[in-house]
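Here is what each chain is made of, one letter per residue.
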Amino acid sequence: METSVSQPINRVDGPLKVTGRALYTAEHPVPNVAHAVLIMSTIPKGRAASMDTSAAGKSPGVLRVFTPFNAPKLPPSPSGGSPTSRKLNLLQDDQILYSNQPIGLVLADTFENATRGAELVHIRYAPQPFNVVLDKDLNSAFTPEKAGAGGDPANSSRGDHQAGVAAAAAYSEHLYTTPIQTHNPMEPHATIAVWEGSKLTLYDATQGVFSDRQRVAQVLGIPPEDVRVISPYIGGGFGSKGPTWSHVVLAAVAARELNRPVKLVLTREQMFGAIGFRGRTHQTVGLGSSSQGNLTAIRHDTIDQTSSFDQFVEPCGLQARMLYPSPNAHTTHKLVRLDLGTPSFMRAPGECPGNYALECAMDELSYSLKLDPLALRLKNYAEEDPEKKRPWSSKSLRECYRAGAERFGWSKRNPAVRATPEGHYLVGQGMATACYPARRSESNAIATLRPDGTALVEAGTQDLGTGTYTIMTQIAADAIGLAPNQVTFRLGDTDFPKTPVSGGSQTAASTGSAVKMAGQALREKLIQLAVTDPASPLHGLGAGDVTIDGGNFVSAANPRKKESLAALMARHGQNEVSATADAKPGDEQDRYSMYAFGAQFAEVRVDMDLGEIQVSRMVGAFAAGRILNTKTARSQLMGGMVWGIGMALQENTMVDPRRGRVVNANLAEYHVPVNRDVPAIEVILVHEDDPYVSAVGAKGIGEIGNTGSAAAIVNAIYHATGKRVRDLPVTLDRLI
Amino acid sequence: MKPFTYLQATDVPSALRAISSSPDARFIGGGTNLVDLMKYGVEQPAHLIDIGKLPLANIEPLPGGGVRIGALARNSDIANHLLIREKAPLLAEAIVAGASPQLRNAATAGGNLMQRTRCYYFYDTGFTQCNKRIPGSGCAARDGLNRIHAILGTSDKCIATNPSDMSVALAAIGATVQVQGNSGPRSIPFADFHRLPGETPQIDTNLNKEELITAIDVPGFPFALNYCYLKVRDRRSYAFALVSVAAMIDVRAGKIHDVRFALGGVAPKPWRVPAAEQQVIGQEPGAEAYGNAADVALKGARTFPHNAFKLELARRSIIRALTTAAVKGERNGNVG
Numbered sequence: 001m002e003t004s005v006s007q008p009i010n011r012v013d014g015p016l017k018v019t020g021r022a023l024y025t026a027e028h029p030v031p032n033v034a035h036a037v038l039i040m041s042t043i044p045k046g047r048a049a050s051m052d053t054s055a056a057g058k059s060p061g062v063l064r065v066f067t068p069f070n071a072p073k074l075p076p077s078p079s080g081g082s083p084t085s086r087k088l089n090l091l092q093d094d095q096i097l098y099s100n101q102p103i104g105l106v107l108a109d110t111f112e113n114a115t116r117g118a119e120l121v122h123i124r125y126a127p128q129p130f131n132v133v134l135d136k137d138l139n140s141a142f143t144p145e146k147a148g149a150g151g152d153p154a155n156s157s158r159g160d161h162q163a164g165v166a167a168a169a170a171y172s173e174h175l176y177t178t179p180i181q182t183h184n185p186m187e188p189h190a191t192i193a194v195w196e197g198s199k200l201t202l203y204d205a206t207q208g209v210f211s212d213r214q215r216v217a218q219v220l221g222i223p224p225e226d227v228r229v230i231s232p233y234i235g236g237g238f239g240s241k242g243p244t245w246s247h248v249v250l251a252a253v254a255a256r257e258l259n260r261p262v263k264l265v266l267t268r269e270q271m272f273g274a275i276g277f278r279g280r281t282h283q284t285v286g287l288g289s290s291s292q293g294n295l296t297a298i299r300h301d302t303i304d305q306t307s308s309f310d311q312f313v314e315p316c317g318l319q320a321r322m323l324y325p326s327p328n329a330h331t332t333h334k335l336v337r338l339d340l341g342t343p344s345f346m347r348a349p350g351e352c353p354g355n356y357a358l359e360c361a362m363d364e365l366s367y368s369l370k371l372d373p374l375a376l377r378l379k380n381y382a383e384e385d386p387e388k389k390r391p392w393s394s395k396s397l398r399e400c401y402r403a404g405a406e407r408f409g410w411s412k413r414n415p416a417v418r419a420t421p422e423g424h425y426l427v428g429q430g431m432a433t434a435c436y437p438a439r440r441s442e443s444n445a446i447a448t449l450r451p452d453g454t455a456l457v458e459a460g461t462q463d464l465g466t467g468t469y470t471i472m473t474q475i476a477a478d479a480i481g482l483a484p485n486q487v488t489f490r491l492g493d494t495d496f497p498k499t500p501v502s503g504g505s506q507t508a509a510s511t512g513s514a515v516k517m518a519g520q521a522l523r524e525k526l527i528q529l530a531v532t533d534p535a536s537p538l539h540g541l542g543a544g545d546v547t548i549d550g551g552n553f554v555s556a557a558n559p560r561k562k563e564s565l566a567a568l569m570a571r572h573g574q575n576e577v578s579a580t581a582d583a584k585p586g587d588e589q590d591r592y593s594m595y596a597f598g599a600q601f602a603e604v605r606v607d608m609d610l611g612e613i614q615v616s617r618m619v620g621a622f623a624a625g626r627i628l629n630t631k632t633a634r635s636q637l638m639g640g641m642v643w644g645i646g647m648a649l650q651e652n653t654m655v656d657p658r659r660g661r662v663v664n665a666n667l668a669e670y671h672v673p674v675n676r677d678v679p680a681i682e683v684i685l686v687h688e689d690d691p692y693v694s695a696v697g698a699k700g701i702g703e704i705g706n707t708g709s710a711a712a713i714v715n716a717i718y719h720a721t722g723k724r725v726r727d728l729p730v731t732l733d734r735l736i
Numbered sequence: 001m002k003p004f005t006y007l008q009a010t011d012v013p014s015a016l017r018a019i020s021s022s023p024d025a026r027f028i029g030g031g032t033n034l035v036d037l038m039k040y041g042v043e044q045p046a047h048l049i050d051i052g053k054l055p056l057a058n059i060e061p062l063p064g065g066g067v068r069i070g071a072l073a074r075n076s077d078i079a080n081h082l083l084i085r086e087k088a089p090l091l092a093e094a095i096v097a098g099a100s101p102q103l104r105n106a107a108t109a110g111g112n113l114m115q116r117t118r119c120y121y122f123y124d125t126g127f128t129q130c131n132k133r134i135p136g137s138g139c140a141a142r143d144g145l146n147r148i149h150a151i152l153g154t155s156d157k158c159i160a161t162n163p164s165d166m167s168v169a170l171a172a173i174g175a176t177v178q179v180q181g182n183s184g185p186r187s188i189p190f191a192d193f194h195r196l197p198g199e200t201p202q203i204d205t206n207l208n209k210e211e212l213i214t215a216i217d218v219p220g221f222p223f224a225l226n227y228c229y230l231k232v233r234d235r236r237s238y239a240f241a242l243v244s245v246a247a248m249i250d251v252r253a254g255k256i257h258d259v260r261f262a263l264g265g266v267a268p269k270p271w272r273v274p275a276a277e278q279q280v281i282g283q284e285p286g287a288e289a290y291g292n293a294a295d296v297a298l299k300g301a302r303t304f305p306h307n308a309f310k311l312e313l314a315r316r317s318i319i320r321a322l323t324t325a326a327v328k329g330e331r332n333g334n335v336g
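Residue numbers (this note's numbering), protein chains in the order written: chain A, 1 to 736; chain B, 1 to 336.
Do not rely on the hints blindly, as some may be mistaken.
[Said to hold, decoys possible] Only part of the chain B face toward chain A is listed, based on derived beta-carbon distances under 10 Å:
#1 P3
#2 G65
#3 Y123
#4 F127
#5 T205
#6 L230
#7 R233
#8 D234
#9 R235
#10 V243
Just so you know, the hints here were simulated from the structure itself, not pulled from any lab data.
The model shown is predicted, which means the values in this text are computed figures rather than measured ones.
Ideal Cβ positions, reconstructed from N, Cα and C, are used throughout, including at glycine.
Here chain A stands alone, though its shape is the one from the complex (with noise of 0.2 Å):
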């Protein structure tokens, strides 16, 4: 019986969070912690020739300073070889590679005693020439293996580009732009490593306790079962916290090398580099179409950034093969190498910045054909995968268009450009198509009943900050029979069953289907030891006649014939029973096409003279499979379309081109939306049932909200005001 699943109930976590009891990496008691802190590059490239550690060493409280001219050396680091496994940084030779790049390390009694420390460190510098900027080398861009972490093919060709652009009434090529973006995380990135012999255990802020744990034992040279990562809460991470970085493995070996537990913890500053970021992107989109607007053609050619010594591609084409049914359609991706940190990534990398610029090419299309923004897309309604030739495994697009357009009253706008004014405003309403793959991997789970009738259920994974816990704990409940009060779920630990990365938007697919599947296991185990228990009023009953509702064994014949679990258990000597799964994803993936669909509307205001902008309205719908938690999951998109303004209309990591060095690498002059910035936004979240998807019915919700956003931001911009920014962020300059 689901009586949990879908319920806003509020978060588990909650009080813990409200209270300051939860504890998030840096917080955990370590008795005798040393205290590191990084020493930054800041030069974009050549050698640190000379450091020089006199007065950091004799500052007070300083334990050690590790240069690359006295680092431990490591065995020769793989380059890894998964998504997860970025190159990295650890002292081991003088080449500065990017500014803000790690190349010290000071380890003192305290925190400010290192800090202090890190500055007394004189650095002289052998600079090299260097290029930070994307547009200035466009011409050196080569193609890489595949377009992002899915292993999709760099380029794609469906039928013939030029037959399409004859066959067009109108075609057009625009290029879109976006900014380097930079996470920022309310929590900074925190590692504590403490040794017991050749045991590690870290305590890190990772969204992947496992591919953390491999990394730090691969780069180490260690076995993977001497390392424990624990990481019970992350205060976001947006993908910044997926790859294991530099300071993770550096806390560890400064840790060994002074016999001592060692915490680290980044400043913001400091997270502007080392730890990847959302690359600028070129994207040259180009739609043709008949008159009637048929797509005939579509081309998306991406070339982002990458650094001069790792490889990160952000796939922008990949909505342009799948979203809509052109016969013809041809997507690039190319790498530049600048000499900027490594990007990685950043919630919806690929679809966020591919979207963009696909849905403001849609929105450019439907001006010149004079159609309506929406009706155009339905018109290029995609039934199954144009590209892959499959089947949807659930799409409820056509809904979501609808549900939104109906909340947002979108037929009531007027469709002329700049015809809207109201006092010094111009009023202006957009909307865009959010899109976001339904990922899944292998994961495990472990349901266990307690003596006293509640469960414990353990999964390896990891909560953001969204709500992971929480729904854990209702599919838990759901699967053997309990009220959510009963279960207790326990996360971030290397300790508990093996379980994915928090990307991909893929944890509530993959961890809850082995919740669901340990959890229903576990109800069977229990049922069976009732049924032949001679002392169970069930005892002679078939397993398939025997409920667990709210805690006790009912008869599905006769409810009043029933035992609570804790009176089974206590005849059971007070064992415990537990019951595993490993959800495995199977041959639906090859046979489906899995993603979740949603429409954004936005209005803003743009002040006529000033050019100021203001989002004063947002309606996004969403279908997602089946939704777990209808609060968090609320919250969760509602955030995504947050990030939509934010990228619309201010975020930027503005790098100096003469100097090689993010300017802005804080959080006043890094703008992200506060309070003011984000006016009502309405979540609707659309039914769909999807029998393929995952054993819980849910598609990833993560990311999707902040696919579309940004583009029907843009849109509503160019319909108040007729002018058409293709480069974001849209700031008040380029409105005046």
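Let chain A serve as the given structure and place chain B on it in line with the hints.
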């Protein structure tokens, strides 16, 4: 952060003695800017003299309709004070346009006048060129990212802006800064308090290092209620001004009888040009007159590659602010 000694001053004379004892001593009030700069290594005082307990937080009426604001009055307390709301609502509006509630609860009036620029290259010691931080090292902003920088009053040495909102209102109102030194008190007209960079961008103000701000005197205006503080910025709160305008206007019998305005976000100091105000006295209020005033105020502006938009934005902002102030005047019914 460089280690420093800390002294809690108990009265003004002892605070002045303490500040005079070392060239590396600094007063600390709310600390919202100084502590931040110390963490970044931009400021490295050896001694902090905490003036937080000095009896300088009063807000009281002055003879003649003005208000005296103690140097240690918190920004929030000033903005919410009935006297300020009545006598200088422009100042209240400017204060609440700045920073965040938490910062305004801690920041003092005197400290607001002393806050330093938010130029990227000043704030990040990873940049080696900044004449304000390291005299003679050069100005990275001139050929760097200068979208937020000044278009008026710059020099070859520095193009940084003053970040204060409160100071823009005080410049428009024509406040007076009361200071106390070892040799006695003196008054500094607001227009003379902040300096242009010239050859010495490292010196922000004309306050001597061994002087303490004790109060800010705000004169009363018969048209103080016909005001507007317009702040144009990249997000709707907690962002520094790209352009701001503090304006007050007195319209009588259909003509501009008196007007005051100053600009923020465009210059190394709050930018008030009395000639621009004089220019339009006697003219009919409206966009034409306000545009004329703007043209005079912005005369000599020099833009840089990323901030050329500020010139037109400033002109439009002046017109908008004066228009808004005049509308408020009409509503107030004091149109003579």
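Given B:L230 as an interface hint, is the shortest Cβ-Cβ distance to chain A below 10 Å? Result: holds, 8 Å to nearest chain A Cβ.
Hold the hint about B:R233 up to the distance rule: shortest CB distance to chain A must be less than 10 Å. Hint holds; B:R233 Cβ to chain A Cβ min 8 Å, cut 10 Å.
Hey, does the B:D234 contact hint survive, CB to chain A under 10 Å? holds (6 Å)
Next item in the hint list is B:V243. Is there a CB on chain A closer than 10 Å to its CB? Holds - the Cβ of B:V243 comes within 10 Å of chain A, reaching about 8 Å at its closest.
Could you check if B:T205 really has its C-beta closer than 10 Å to a C-beta on chain A? Constraint on B:T205 not satisfied, violated at 22 Å.
Should the hint that B:P3 touches chain A count as held when the rule is a Cβ pair under 10 Å? Where the cut-off is 10 Å and the nearest Cβ of chain A is about 7 Å from B:P3, the hint holds.
Cut-off 10 Å, beta-carbon criterion: hint that B:G65 touches chain A: Nearest chain A Cβ about 33 Å off; hint violated.
Once the shortest beta carbon distance from B:R235 to chain A is found, is it less than 10 Å? holds (5 Å)
Should the interface hint for B:Y123 be scored as holding, given a Cβ-Cβ cut-off of 10 Å against chain A? OK, holds: B:Y123 within 10 Å of chain A, min 8 Å.
Is the hint on B:F127 kept, meaning its closest Cβ partner in chain A is under 10 Å away? It holds, given that the least Cβ distance between B:F127 and chain A is near 6 Å, below 10 Å.
The structure fails to meet hints 2, 5 from the earlier list, while all remaining hints are met.
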